[in-house]
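Student: Sequence:
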Amino acid sequence: MSDKLFLDTNILVYAYDSSEPEKQAKAQTLLTQGIERENTVISAQVLGEFFVVVTRRIQKPLSAKQAEQVIDLLSILSVVEIDLKLVRRAVFIHTESQISYWDSLIISAAERAGCTKILSEDLNAGQAYHDVRVENPFNGARTNQNVQA
1 MSDKLFLDTN ILVYAYDSSE PEKQAKAQTL LTQGIERENT VISAQVLGEF
51 FVVVTRRIQK PLSAKQAEQV IDLLSILSVV EIDLKLVRRA VFIHTESQIS
101 YWDSLIISAA ERAGCTKILS EDLNAGQAYH DVRVENPFNG ARTNQNVQA
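Residues 1 to 149 in our numbering are what the sequence shown lists, from first letter to last.
Note that these hints are calculated values from the structure, not bench results. As the structure is a computational prediction, the values presented were derived from the model and not from experiment. Honestly, I wouldn't trust all of these hints.
Said to hold, decoys possible - Cβ pair distances, simulated, as ranges:
#1 D72 - E36: 28 to 38 Å
#2 D131 - S19: 32 to 42 Å
#3 K60 - E96: 16 to 26 Å
#4 N139 - W102: 21 to 31 Å
#5 V87 - P21: 17 to 27 Å
Every residue gets a Cβ at the ideal spot worked out from N, C-alpha and C, and that includes glycine.
Work out the full structure: start from the sequences and follow the hints.
Tutor: Structure below.
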């Protein structure tokens with residue numbers, strides 16, 4: 001069985017952003033594999049951030065309706081909800097690791113879901129936060145086998 005993977009917002013955004021075709025293809029592959037293998041997790045925070053970015057910040061923004069439909073599709077993945085306990089854990093990680101609160105909330109959600117890896121372009125690749133390690137799936141040195149194992 002493969003490790004549980006947590007997808008950061010940027011992975012989802014690249015899947016729907018045609019301005020970087022190589023990253024889009026890689027992100028779409030990760031999403032497809034995650035759905036097929038049932039080992040991929042996101043959080044309510046990731047979905048919210050995704051909505052804002054794809055409707056405002058990408059070269060060819062989606063309409064709010066299109067983004068809502070994508071969110072409905074993405075809800076097939078396991079989605080970690082945000083609650084007080086998760087917020088408190090994020091504050092602890094933020095204080096301990098000196099990273100942004102929002103990144104700490106991602107890490108907290110990944111921990112809660114039992115993920116061993118966070119796939120992200122924004123967090124420090126190779127960095128471990130407790131039992132969760134960050135990998136950048138867009139690094140040329142990383143292959144599909146590396147990010148799935």
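Student: So, for every hint listed, does it hold in this structure?
Tutor: Do the hints match the structure? See the list:
no., hint, in the structure
1, D72 - E36: 28 to 38 Å, "violated, 19 Å"
2, D131 - S19: 32 to 42 Å, "holds, 35 Å"
3, K60 - E96: 16 to 26 Å, "violated, 39 Å"
4, N139 - W102: 21 to 31 Å, "holds, 22 Å"
5, V87 - P21: 17 to 27 Å, "violated, 37 Å"
Checked against the numbered hints given earlier, the structure breaks hints 1, 3, 5 and satisfies all the rest.
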